[in-house]
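**Q** Now that you have both chains on their own, put them together as the hints suggest.
Protein chains in written order, with the working numbering: chain L, 1 to 555; chain W, 1001 to 1118.
Since the hints were derived computationally from the structure, they do not count as laboratory data. Accuracy of the hints is not assured; some may be wrong.
As the list claims (entries may be wrong) - Sample of chain W residues facing chain L (criterion: CB under 7 Å; computed from the structure): (1) Gly1027; (2) Gly1030; (3) Val1032; (4) Tyr1076; (5) Thr1078.
Built from N, CA and C at the ideal position, the CB exists for glycine as well.
Here are the chains, one letter per residue:
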Amino acid sequence: MISEHPSSDVNSETQLRQHAPGSRCAGYSFRQAIQTSARWLEAHAEFVNSLNVYPVPDGDTGTNMHLTVRAALEEMSHVEDDSVGALAQALAHGALMGARGNSGVILSQILRGIARALDKKATFGAQDLAAALQEGAATAYKGVLRPVEGTMLTVIREAAEAAVRTAAQEGAGLETVLASATQEAERSLARTPNLLPVLKEAGVVDAGGQGLVFLFQGALRYLRGEGVEEGPVAAVQRAVLHSPEGQNYGYDIQFIVCGQGLDVDAMREFLQAKGDSLLVVGDERTVKVHIHAPRPGDILDYGCSLGVIQDVVVENMQAQHEAFVAKQGRPSVGEPASRVGIVAVVPGAGLQRVFESLGVNAVVSGGQTMNPSTEELLSAVESLPNQQVIILPNNSNVILTAQQARGLAGKEVAIVPTKTIPQGISALLALNYQADLASNVAAMEEAAKAVHTIEITTAVRSVRVNGLEVNEGQIIGLLSGELVAVGSNCLDVAMEMLERIHAERMEIITIYYGGNTDKAEAEAFAEGVKARFAAQDVELIDGGQPHYQYILSVE
Amino acid sequence: MATETYLGKIEVSPLAVASLASDAVLGCYGVVGMAPAGTLRDGLVEILQREATHRGVEVHVREQGIVVDLYVIIEYGTRISEVAQNIMDAVKFRLERGLGMPIAEVNVHVQDLRVSSA
Chain L
1 MISEHPSSDV NSETQLRQHA PGSRCAGYSF RQAIQTSARW LEAHAEFVNS
51 LNVYPVPDGD TGTNMHLTVR AALEEMSHVE DDSVGALAQA LAHGALMGAR
101 GNSGVILSQI LRGIARALDK KATFGAQDLA AALQEGAATA YKGVLRPVEG
151 TMLTVIREAA EAAVRTAAQE GAGLETVLAS ATQEAERSLA RTPNLLPVLK
201 EAGVVDAGGQ GLVFLFQGAL RYLRGEGVEE GPVAAVQRAV LHSPEGQNYG
251 YDIQFIVCGQ GLDVDAMREF LQAKGDSLLV VGDERTVKVH IHAPRPGDIL
301 DYGCSLGVIQ DVVVENMQAQ HEAFVAKQGR PSVGEPASRV GIVAVVPGAG
351 LQRVFESLGV NAVVSGGQTM NPSTEELLSA VESLPNQQVI ILPNNSNVIL
401 TAQQARGLAG KEVAIVPTKT IPQGISALLA LNYQADLASN VAAMEEAAKA
451 VHTIEITTAV RSVRVNGLEV NEGQIIGLLS GELVAVGSNC LDVAMEMLER
501 IHAERMEIIT IYYGGNTDKA EAEAFAEGVK ARFAAQDVEL IDGGQPHYQY
551 ILSVE
Chain W
1001 MATETYLGKI EVSPLAVASL ASDAVLGCYG VVGMAPAGTL RDGLVEILQR
1051 EATHRGVEVH VREQGIVVDL YVIIEYGTRI SEVAQNIMDA VKFRLERGLG
1101 MPIAEVNVHV QDLRVSSA
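Just chain W, same shape as in the assembly (with noise of 0.2 Å):
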């Protein structure tokens, strides 16, 4: 993504906005945690550690605007509707703050459900 100024051009990684978006994610309620994008090979997902979290966004530049994917597990026992729901608003919110572009679309893949010790 580029912006150009009267001085020159401004441009922003994916992997910025990656790490922008993850950084999001991992403070919304109800996500225990990043994996990686893509489908599920094997039926196996591994959680992502924190340095490689922006590995769980997948980004895509669109003419209406940015098209954020994310790989998230969530905490079982939550309404995953709603934190899936937050978890859009609050990337949206982040992003097009953070980087005053138009987001298009954020869209919550649900990997896996975490079930925290009782």
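Bound-form chain L, shown alone (with noise of 0.2 Å):
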């Protein structure tokens, strides 16, 4: 957030920020906030799937809304504006090119009314995004001639009515209308089984607004700095499925019926007695079964007895409940608070996800220049829940407003003086979460003097140095940051460093294209250096970095 705001209390979860009501929401947070959205419907898309049962139950609810907020952010992932209408309107493109199955289509008619809302904006506060929700919802209403209460329509609306409520109110944050927004979503979910007799059948609520409903609530937990868990925990989640007759914990039992003549309301009334939470859906031929029981062996007999079983899955609820209570009492999901955590400044979508899968908690892009502000660093230490953060710049221009940025954090602030992005992904490596935070800086200090960074750009400005004349528009290479070499191709620039540098005693050359370098191109390029340097491992990645054709790390 662009904003100050004062750090969280990561000990108690009740605990609401108030943003102050002027507060605003830029590109970055954005991103974020949606991508982190993306998370927690991932890995909780399994548990949606086994919702399904209207308009037709065909159990991919999850799936299908996933996939299309997937093809959202990647939509998204292209785009260089940092202004929110920019990357609302990406989104809403990527949903409606990737959208799939219905919910899918109702999730991208939601954007679409977000982004017209959001259009020319290069921030937003908490009247924009309560009049965005309004506009996604009513937007979406217009794409059918009889919505039908009791499905994500429902969901969204009441949402947004109740952001719009919120919103204004004297002195509300972005953090409070989206709070109330996701509190009412919730609620508006646990009713659709009043609205729509077919749910109330199933004993479930409907599968595309709780597929919303994890969308808010990734949101919000973004916006509270709450980490989301990588991975599927929908095992877990069962303990909140809609649950008529209370908890009696027993066994969750899934599996499908195969055969011929199969009678679903027969099924059903049967096993109605022997447990709770019961869904039976499917047709003759196929039968889906769902149910929490005591006894496992006596509902999978009365499967067999039926025709053919298969998929079937048994699992302990008293455990699950167990774990999950467990997880509860850990002060956040995912990262403990004396873990320490590490700021990146990373350029281009490709390097940012190598980043991201080294275990970064949060990526600054420097955008074009490389170069964050103070404020765009600070932000990103503030947001981390962890008390102890480390900051890789990753470029000696970004270590001065690194400095500043660690003097203004109210943490322990430790800075790995990178001047590249491989010494920067070298550094990263040699992170030990055991370790304390001297030793991490030392290890990592270290680490990145091993690596070698070859960076080739092409010279902006004719000039002298280091004994070298170079003509504006020739390629050059750099060495650790100094200019060595200049050449007319990409290729033999790239060469000379490799040798003269002695490559060929080293192990690994890891390559990153940039954003303006063509794949095949690229693809070229690694095939020459290969030829050369047969006996190393060399790797071709898109980095997407902006300026520099290819970044070089050989170790």
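**A** Listed below in structure tokens is the structure:
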């Protein structure tokens, strides 16, 4: 977030951070919020799938919504412009193109409305958020002649209405409005069985609505600085399935029965007496059964008597519940507060993915100039729940800014003075979560020094440096930040530098190709390197970085 | 369509099937109306009024089952392939459940796109 806000008290999840009424959300935070939403939905996609009964019991609402959001994110990732208007537009377009299933199409309409409301805005505040949700709901309703209540449509409408009410109050900030929308979405979801009889019959809430709730929750988690765990936690979430009879912990049993002339209603009647949270959907030939019961054998035997059973899942809910409760006890999902958090400055979508996959908690994109402001670094540091943070500047220009951010931060911040991306990656690989901050910084500095960085780019002006005559437009090569080679094409310059550092004695050469480099060209470049350095491992990665056609890491 | 029971015959007229189908279609997301069945005349498409929506459905009975042709108007800005697929699934499900008869084909003809007011 752009404005200042008090650090979250990590030990008290229920404490809402009140943002100042005037606080606004900018491009970076918007991107992160949507990504967190997507991850949270992804983690629960299987669960959402299991709820599907309306309009057709096809069991893939969760997957469909997740894939739709992914398509939207993919489109947004190509946008350099950091204004929320442009980002929302990209999201909407990506969702339109990539919409999957009924729920995906509705989601694409909601995003279309949001994009329309945020059009031409650089940032948005509490009022704008409420208006955007309102427009999203309105657009969604326009997309069908007979809107069916008790579905996703109801959930987005009621959530938007709550957002508008909250935004009208004195001093309402972004987080308050989003929290109010999320809470109302949850309540609306719980009411859906009362609006749609088929939901009540099956004992579930609306699948699309549930997916929407997860998206809201994910965004809210981001705003509150709570982590989102990677990977499926669907098993644990069974505990919140709409259960009319209360909780008897037994077994969560699911299977599919394949047979002839299956009578779904008769099956439902029979199984109703055997357990809770019953879900029986399908047709004459295929029926999916889901039930919570004390004796799985009885249920499975019944299934076998009707036909052939497959995709059998039996889980011990008592154990799941205990694990779930244990997780709640921790201060925040994912990161214990004592672990060190990492902030890295990374330009380019591909490189950002590389850093994130290596465990970086917050990525600050320097943008075109690869130069983030102190403000951006500071807010990235503040956004993490960790009390100790290491900054990887990955650029000598950024080191000073990082030092300023360190001075302003309320937490313990250390800087590992990496000057290039490969140094940053090396340093990251040396991180040891068990060790303390000081030893980590030392280890990371050592690792950073051990890697050679070669950067290839085009000279933007003529200059004489290090005894070399450079003309504008020529290809130049930098070794650990210093201009040491000049030539007419990238491969020649790279080769000259690789030979100079005796790459034939090294083990790994990693090539990151930039945003303005053609993939085919990059592949040819990599082949050229491989040809000369056959004994080394040569890897080609799409870094997407601006300015530098190639960044090579040699170790 | 007729079925025999021990008491006598149950006949479901094509009109009834069409009404059931159009009801299912209108609840599908992305559908903003139905158009008269058949190919376009003069290239102009009229949107059917509520009572007449069944005219946007053609029902044929074949050996393998019932073949349904739907003539729909879809909201501009949605992913048409997904909306159409959803219509097929929903109508097949609703008809099979409602009639207890096999549906061999559901064909969706997108006659027009409606641009909603911005």
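**Q** Any hints this thing doesn't respect? Which numbers, in order?
**A** Going through the list in order, the structure violates hint 4 alone and respects the others.
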